[in-house]
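When you get a sec, could you build the whole thing from the sequences and use the hints?
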Amino acid sequence: MCGLVGATANRDIIPFLVDGLRSLEYRGYDSAGVATLNGQGLKKERSVGKVEELAKQLASTGMSGTMGIGHTRWATHGRPEENNAHPHVSTELVAVVHNGIIENYETLRRDLQNLGYDFDSQTDTEVIAHRIHQHLQSEDSLLTAIQKTLPELEGSFAIAAISNNEPGRIIAARRGSPLVVGIGTDENFIASDVSALLSETQDFIYLEEGDIADISSHAVTVYNQYGRIAERPIQKSTMTKSAVEKGDYPHFMLKEIYEQSTALRQTLSPYLDNDTLQESRLGDDASHILDGIEQVHICACGTSYHAGVVGSYLLEKLGKRPCRAEHASEFRYRSPVVTPNTLFVVLSQSGETADTLAALRYAKEAGYAATLSICNVASSSLVRETDLTFITQAGPEIGVASTKAFTTQLMAMNILAILLARRSGIDSAEELSLVQSLKQASFAIESALELNSEIKDFAKQLVDVNHCLFLGRGNMYPIAMEGALKLKEISYIHAEAYPGGELKHGPLALIDDDMPIVAVAPNNDLLPKMKANLQEVEARGGKLLIFADKKSDFQPSPNSRILTMPSVDDFLAPILYTVPLQLLSYHVAVFRGTNVDQPRNLAKSVTVE
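Be aware that the sequence shown starts at 225, since it is given in the numbering used here, and climbs by one per residue.
What the hints contain is simulated information worked out from the structure, not anything from laboratory work.
Quantities reported herein were computed from a predicted structural model and do not represent experimental measurements.
C-beta atoms are modelled at their ideal positions from N, C-alpha and C, and glycine is treated no differently.
Treat each hint with caution, since some may be false.
In silico DSSO-like pairs for lysine-lysine, Cα to Cα no more than 30 Å straight-line [unchecked claim]:
1) 728 x 775
2) 774 x 541
3) 274 x 544
4) 663 x 479
5) 372 x 267
6) 663 x 588
7) 684 x 663
8) 680 x 663
9) 541 x 479
10) 544 x 753
11) 663 x 541
12) 755 x 728
13) 755 x 775
14) 774 x 663
15) 541 x 775
16) 712 x 680
17) 479 x 460
18) 680 x 775
19) 663 x 470
20) 774 x 753
21) 684 x 712
22) 479 x 274
23) 775 x 753
24) 544 x 280
25) 684 x 774
26) 755 x 684
27) 479 x 774
28) 470 x 684
29) 479 x 684
30) 728 x 541
Computed beta-carbon distance windows for the label pairs [what the hints assert, rightly or not]:
31) 775 x 690: 46 to 56 Å
32) 263 x 364: 15 to 25 Å
33) 331 x 670: 55 to 65 Å
34) 728 x 564: 32 to 42 Å
35) 824 x 673: 23 to 33 Å
36) 462 x 690: 39 to 49 Å
37) 779 x 670: 22 to 32 Å
Below is the structure:
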């Protein structure tokens, strides 16, 4: 949600700011802007809509500068209007860009208005600019003014600020929102995400919680939350610019669907040594911690939550541990009871999801035995704050609707289930069989992708509908949930998922000729019951789209279409059956003409609660 960039250099940095903002478009936004210093004072340009609109404005004005900051805004306080777009400026002296939410902004706004400050926007960010300006009246530098401002702000933020009094200097700070400093040669950068900086550098400093960075073209000094100089290592990224480009694909989402086979292989590989899972990869204390675990709680949001639900099935079936999965946004507010020897597992693609981080921090104070993160970003807050870590190897995921991050999370849950099963009596032959199954995951994905043309034809039946139900049973129910989420996210069709056995308890009332039903029905122990559920639908005129393997032995009928899936065991089925649902949603969205990679009102990295 929102993205910021900044640079201080010995060249015109407008092209970089625009390119950096383009790289952050995937995070979701509704307006954009930049502010620069060039020896002629502080200049800003802002626009509603796409970064391309801002680029046109900048070209027409000829604006330039050797230092500046830029921002893409996702509206939280105030409508998507130019006056609410960032940067926000105070008395032509200070410009600020900000990601996050300032929870006490109304109180600060009243205080500043009483001091004579005028407000041009409805945003919470403008109070930061004015507060910094206020403190500059008694402080001798932008750094000290910001150090005085930050303790007055309640909430989460990542900010970057510049001052007309100190050209060549950017001050950046983070609390609850990520920031990364890019190190160049006689130029340095700041951004929300390394993807915005890959065209300029491969060397990065990841700011930690509470850090403030003082950035000039020739030096970077980092201060910790106590105001002391902190040594933060420069880390070299192996990510390339091409990894965050579409290449020959029409959309990032389709590219990322097709990357899943490789992502699964890369995620499994570091944990295998001669077909034996290496639990030490989770952390030095992994064996000791896992030995004592008697119960598991899982917390996540959105798609990651669905991976957590699948994981709860696996951990109980294989690991023989009581397990529950719940929404991170609700976890803290229900006074959860923590029993001894319980492992707390959090999942997040970015590792910066605000609700998930808040749940983790609550859990660390609540008496859990240990915490484990499953995350796609090794430098993230989530990874730094957990005892054990499983880094998925999905690579950059740009499409807002998660695909490869989800299936690699499922792979991680499978591995964790096997590691706990070791402590529940599984023998070496059984473990080897499960590992061999995991090694087949990438091949199963490739087989599913060969069905793309058939799935595209399936999708035509959903293009003009307003509602859709998804059905699954057992570990296929959370996969149905994920399928419904994908469809509603990118096609804007209202979709809900239910366990097949719940149809008769309410949803059956919705079934008619206009209500299509998508069912995931592999040949497993619950197949007879699932078939009975689907017969109830067909008897009431419902139109069925069924994904099932050949052994399931579904017969086509006037009201049902069947897409035959590859046959896999129950252990791999959630990973395999995810792929056709992703493709189905993708093709429906393309047929409907929606913005597949940047669906309305959504953001890739949800860094506010």
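Status of the hints after comparison with the structure:
1. For a cut-off of 30 Å, the pair hint linking residue 728 to residue 775 stands: about 26 Å separates their Cα positions.
2. Distance restraint check for residue 774 and residue 541: the Cα-Cα separation of roughly 25 Å lies within the 30 Å cut-off, and the hinted pair is therefore satisfied.
3. For the proposed pair residue 274 and residue 544, the alpha carbon gap of about 51 Å is over 30 Å, so the pair is violated.
4. Simply put, residue 663 and residue 479 have alpha-carbon atoms about 22 Å apart, close enough for the 30 Å limit, and the pair holds.
5. Restraint check for residue 372 and residue 267: satisfied, since their Cα atoms lie roughly 25 Å apart, inside the 30 Å limit.
6. With a C-alpha separation of about 34 Å, the suggested pair residue 663 and residue 588 falls outside the 30 Å cut-off, and the hint is violated.
7. A hinted pair counts as satisfied when its Cα atoms are at most 30 Å apart, and residue 684 with residue 663 does not qualify at roughly 34 Å.
8. This hinted pair checks out: residue 680 and residue 663 have alpha carbons roughly 28 Å apart, not beyond 30 Å.
9. The suggested pairing of residue 541 with residue 479 is violated, with an alpha-carbon distance near 34 Å, which exceeds 30 Å.
10. Restraint check: the Cα-Cα separation between residue 544 and residue 753 comes to about 25 Å, which is no more than 30 Å; the hinted pair holds.
11. For the suggested pair residue 663 and residue 541, the alpha carbons sit about 20 Å apart, so the restraint of at most 30 Å is met.
12. In summary, the hint linking residue 755 to residue 728 is supported, as the alpha carbons are separated by about 14 Å, within the 30 Å threshold.
13. Of the supplied pair hints, the one linking residue 755 and residue 775 holds, its CA atoms being roughly 13 Å apart against a limit of 30 Å.
14. Of the supplied pair hints, the one linking residue 774 and residue 663 holds, its CA atoms being roughly 22 Å apart against a limit of 30 Å.
15. For the hint pairing residue 541 with residue 775, the CA-to-CA distance comes to about 23 Å; that is within 30 Å, so the pair holds.
16. With a C-alpha separation of about 17 Å, the suggested pairing of residue 712 with residue 680 holds against the 30 Å cut-off.
17. Distance hint between residue 479 and residue 460 is fulfilled; the C-alpha atoms sit about 26 Å from each other, no more than 30 Å.
18. A C-alpha spacing of about 23 Å is found between residue 680 and residue 775, which places the hinted pair at or below 30 Å, so the restraint holds.
19. Restraint check for residue 663 and residue 470: the C-alpha separation of about 28 Å stays at or below 30 Å, so the hint holds.
20. Restraint check for residue 774 and residue 753: satisfied, since their Cα atoms lie roughly 17 Å apart, inside the 30 Å limit.
21. For the proposed pair residue 684 and residue 712, the alpha carbon gap of about 16 Å is at most 30 Å, so the pair holds.
22. The straight-line distance between the Cα atoms of residue 479 and residue 274 is roughly 22 Å, inside the 30 Å bound, and the hint therefore holds.
23. For the hint pairing residue 775 with residue 753, the CA-to-CA distance comes to about 15 Å; that is within 30 Å, so the pair holds.
24. Distance check on the hinted pair: residue 544 and residue 280 sit about 60 Å apart at the alpha-carbon level, beyond 30 Å; violated.
25. Between residue 684 and residue 774, the direct Cα distance comes to roughly 23 Å. Compliance with the 30 Å bound is thereby established for this hinted pair.
26. Our distance criterion of 30 Å between C-alpha atoms is met by residue 755 and residue 684, whose separation comes to about 24 Å.
27. As the CA atoms of residue 479 and residue 774 are separated by approximately 28 Å, the hinted pair is consistent with the 30 Å bound.
28. Our distance criterion of 30 Å between C-alpha atoms is met by residue 470 and residue 684, whose separation comes to about 25 Å.
29. Between residue 479 and residue 684, the direct Cα distance comes to roughly 21 Å. Compliance with the 30 Å bound is thereby established for this hinted pair.
30. Restraint check for residue 728 and residue 541: the C-alpha separation of about 27 Å stays at or below 30 Å, so the hint holds.
31. The hinted range of 46 to 56 Å is not satisfied by residue 775 and residue 690, whose Cβ atoms lie roughly 34 Å apart.
32. Taken as a hint, the range 15 to 25 Å holds for the pair residue 263 and residue 364, whose Cβ atoms sit roughly 22 Å apart.
33. For residue 331 and residue 670, the hinted distance range of 55 to 65 Å is satisfied, since their beta carbons lie about 57 Å from each other.
34. For residue 728 and residue 564, the Cβ-Cβ distance of about 40 Å falls inside the hinted range of 32 to 42 Å, so the restraint holds.
35. The supplied range of 23 to 33 Å is met by residue 824 and residue 673, whose beta-carbon atoms lie about 28 Å from each other.
36. For the pair residue 462 and residue 690, the beta carbons lie near 45 Å from each other, so the given range of 39 to 49 Å is met.
37. Look at residue 779 against residue 670: about 28 Å separates their beta carbons, and that is inside 22 to 32 Å.
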